[in-house]
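Enquirer: Sequence:
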Amino acid sequence: MLADITGYTAYLTGAELDHAHDVLADLMGTVVAALRPPMRLAKLEGDAAFVYAPEGKVSGSLLLDTVEQCYFAFRRRVRDIRQATTCQCNACIRIPSLDLKLFVHDGEFARHRVAGREELAGTDVILVHRLMKNRVSETLGLQGYALFTDACLRAAGLDPAVLGLRQHVETYEHIGEVRGYVLDLRARWAEEQERRRVYVGAKGAVSEIAFDFDAPPSVVWDYLTDPAKRVRTGAGAGISGMREESPRGRRGPGTVNHCAHGPDTVLEEVLDWRPFEYFTVRFRVGFPIEETIELIPAQGGTRVVMRQRIPPSKQAREGWAQMRETYMDMMRKVYEGTLEALAEDGAREA
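Quick note on the numbering used here: the sequence shown kicks off at 1 and runs consecutively.
Treat each hint with caution, since some may be false.
Unchecked claim - Listed next, the in silico EDC-like pairs over lysine to aspartate or glutamate satisfying Cα-Cα at most 20 angstroms (straight line):
#, residue 1, residue 2
1, K229, E55
2, K229, E244
3, K133, E45
4, K333, D264
5, K229, E245
6, K314, E325
7, K229, E336
8, K57, D150
9, K133, E173
10, K133, D99
11, K203, D272
12, K133, D106
13, K57, D124
14, K229, E340
15, K333, E268
16, K133, D47
17, K133, D150
18, K333, D214
19, K43, E55
20, K229, D214
21, K43, D26
22, K57, E344
23, K57, E108
24, K229, E277
25, K43, D124
26, K133, E177
27, K203, E277
28, K43, E118
29, K229, E268
30, K229, D212
31, K333, E344
In case anyone wonders, no lab produced these hints; they're calculated from the structure.
Start from the sequences and build out the full structure, keeping to the hints where you can.
Expert: Here is the structure:
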C-alpha cells in the first residue's frame with residue numbers, strides 16, 4: 001500500500017519552506033501512525049508512505065477499516081492544524097488544499113538489503129508505485145480516494161459491486177492493463193461526520209468490565225471482531241460457531257452475527273463501528289442489551305472496556321441481575337482465550 005499526500009507539489013509553490021516541511025512531517029506522522037499496525041512501514045518516499053503486510057495478516061474487513069481510518073485521521077489532522085494556527089503565511093493558509101490518496105495491491109515481493117537498509121523488490125512493488133500515475137481524477141472527478149487493484153480485492157475476498165466501488169482501468173508500459181476499483185474517501189469522510197453515534201458510556205451503563213492486552217488497538221480489534229478469531233478465542237466460553245451477515249459487503253453498522261452457544265444461537269447486531277476506537281452491538285437474552293466495547297491505548301498496549309445498557313423495565317433489571325455474573329464470567333474466559341491466541345500468533349510470527 002502507498003499513502004500519498006496529494007497536492008503537495010502545488011502546495012509548496014509559493015509557500016514558506018520551513019512551515020511547509022513542518023506540516024508535511026506532521027501529516028506523514030499521522031498517516032504512518034494510522035497504518036501501523038496492521039501494516040508495516042517499508043519506507044517514506046517524500047510525501048508518500050510505502051507500507052506492506054505479509055500474506056494472511058490482514059482480512060478484507062480490517063483492510064477497509066485501516067484505509068478509511070487512515071484517511072479520517074488525515075482529514076481530522078488537517079482540520080485541527082488549520083484551526084489551531086493563527087499564522088497567515090501561505091503554507092498555513094493552504095493546508096486545506098492537501099488531500100490523501102491510497103493505492104492498494106496484492107502480490108509478491110522479495111526482501112533485500114541496499115546500503116544497510118531493507119528494500120522490497122519485484123514486479124508487484126513496481127506496479128503499486130505505477131498506480132500513483134493514473135487518470136482517476138480526470139475520469140471520475142475524485143481527489144481523496146483509495147484505488148484497489150482487482151488482485152487485491154480478490155485476495156481479500158471483497159466484492160466491489162456490493163461495496164459500491166467504481167471500476168477503473170489503467171495501462172502501463174511493460175505491465176499492461178491493470179484493472180482496479182475506486183473508493184471515494186471524501187464521500188466516506190462526509191458520511192462519517194453525519195453518522196449517528198451509539199455509545200454506552202459509564203453514566204448510562206448497568207455494568208462495566210475491563211481487560212488489558214499487550215498489543216496495539218488495531219490488533220486487538222481484529223481479534224474482537226473477526227468471526228473466525230472470535231470462535232477460537234471464545235471456545236472456553238462456550239462459543240461453538242459464528243456466522244456473519246454483512247449486507248454492505250463489509251463489517252460495520254447493520255452487520256448481524258449469529259453466535260452459537262451450544263444449542264442456542266444469539267443474534268448480535270452491530271449498531272456503531274468506529275475502528276479502532278469502539279464498536280457497539282445489540283443482542284437479546286429475553287430482553288435487549290446494548291454493549292459498547294471500547295479500545296483505549298494504554299502503556300504500549302490496549303485496555304478494553306465493556307459496558308452494558310439495558311431497558312429501564314422491571315423485567316430487564318431482574319433478568320440482568322440473574323445473568324450478570326454468568327455473563328461476566330463468560331467475558332473473562334473470552335479474555336483468557338484472546339490472550340492465549342495473541343501469544344500463540346505472536347510466537348508463530350516471531
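Enquirer: Give a verdict on every hint.
Expert: Do the hints match the structure? See the list:
{"no.": "1", "hint": "K229 <-> E55", "verdict": "holds, 17 angstroms"}
{"no.": "2", "hint": "K229 <-> E244", "verdict": "holds, 12 angstroms"}
{"no.": "3", "hint": "K133 <-> E45", "verdict": "holds, 15 angstroms"}
{"no.": "4", "hint": "K333 <-> D264", "verdict": "holds, 18 angstroms"}
{"no.": "5", "hint": "K229 <-> E245", "verdict": "holds, 16 angstroms"}
{"no.": "6", "hint": "K314 <-> E325", "verdict": "holds, 18 angstroms"}
{"no.": "7", "hint": "K229 <-> E336", "verdict": "holds, 13 angstroms"}
{"no.": "8", "hint": "K57 <-> D150", "verdict": "holds, 19 angstroms"}
{"no.": "9", "hint": "K133 <-> E173", "verdict": "holds, 12 angstroms"}
{"no.": "10", "hint": "K133 <-> D99", "verdict": "holds, 16 angstroms"}
{"no.": "11", "hint": "K203 <-> D272", "verdict": "holds, 18 angstroms"}
{"no.": "12", "hint": "K133 <-> D106", "verdict": "holds, 18 angstroms"}
{"no.": "13", "hint": "K57 <-> D124", "verdict": "holds, 18 angstroms"}
{"no.": "14", "hint": "K229 <-> E340", "verdict": "holds, 12 angstroms"}
{"no.": "15", "hint": "K333 <-> E268", "verdict": "holds, 19 angstroms"}
{"no.": "16", "hint": "K133 <-> D47", "verdict": "holds, 14 angstroms"}
{"no.": "17", "hint": "K133 <-> D150", "verdict": "holds, 17 angstroms"}
{"no.": "18", "hint": "K333 <-> D214", "verdict": "holds, 17 angstroms"}
{"no.": "19", "hint": "K43 <-> E55", "verdict": "holds, 19 angstroms"}
{"no.": "20", "hint": "K229 <-> D214", "verdict": "holds, 17 angstroms"}
{"no.": "21", "hint": "K43 <-> D26", "verdict": "holds, 16 angstroms"}
{"no.": "22", "hint": "K57 <-> E344", "verdict": "holds, 14 angstroms"}
{"no.": "23", "hint": "K57 <-> E108", "verdict": "holds, 14 angstroms"}
{"no.": "24", "hint": "K229 <-> E277", "verdict": "holds, 19 angstroms"}
{"no.": "25", "hint": "K43 <-> D124", "verdict": "holds, 16 angstroms"}
{"no.": "26", "hint": "K133 <-> E177", "verdict": "holds, 14 angstroms"}
{"no.": "27", "hint": "K203 <-> E277", "verdict": "holds, 19 angstroms"}
{"no.": "28", "hint": "K43 <-> E118", "verdict": "holds, 9 angstroms"}
{"no.": "29", "hint": "K229 <-> E268", "verdict": "holds, 16 angstroms"}
{"no.": "30", "hint": "K229 <-> D212", "verdict": "holds, 18 angstroms"}
{"no.": "31", "hint": "K333 <-> E344", "verdict": "holds, 17 angstroms"}
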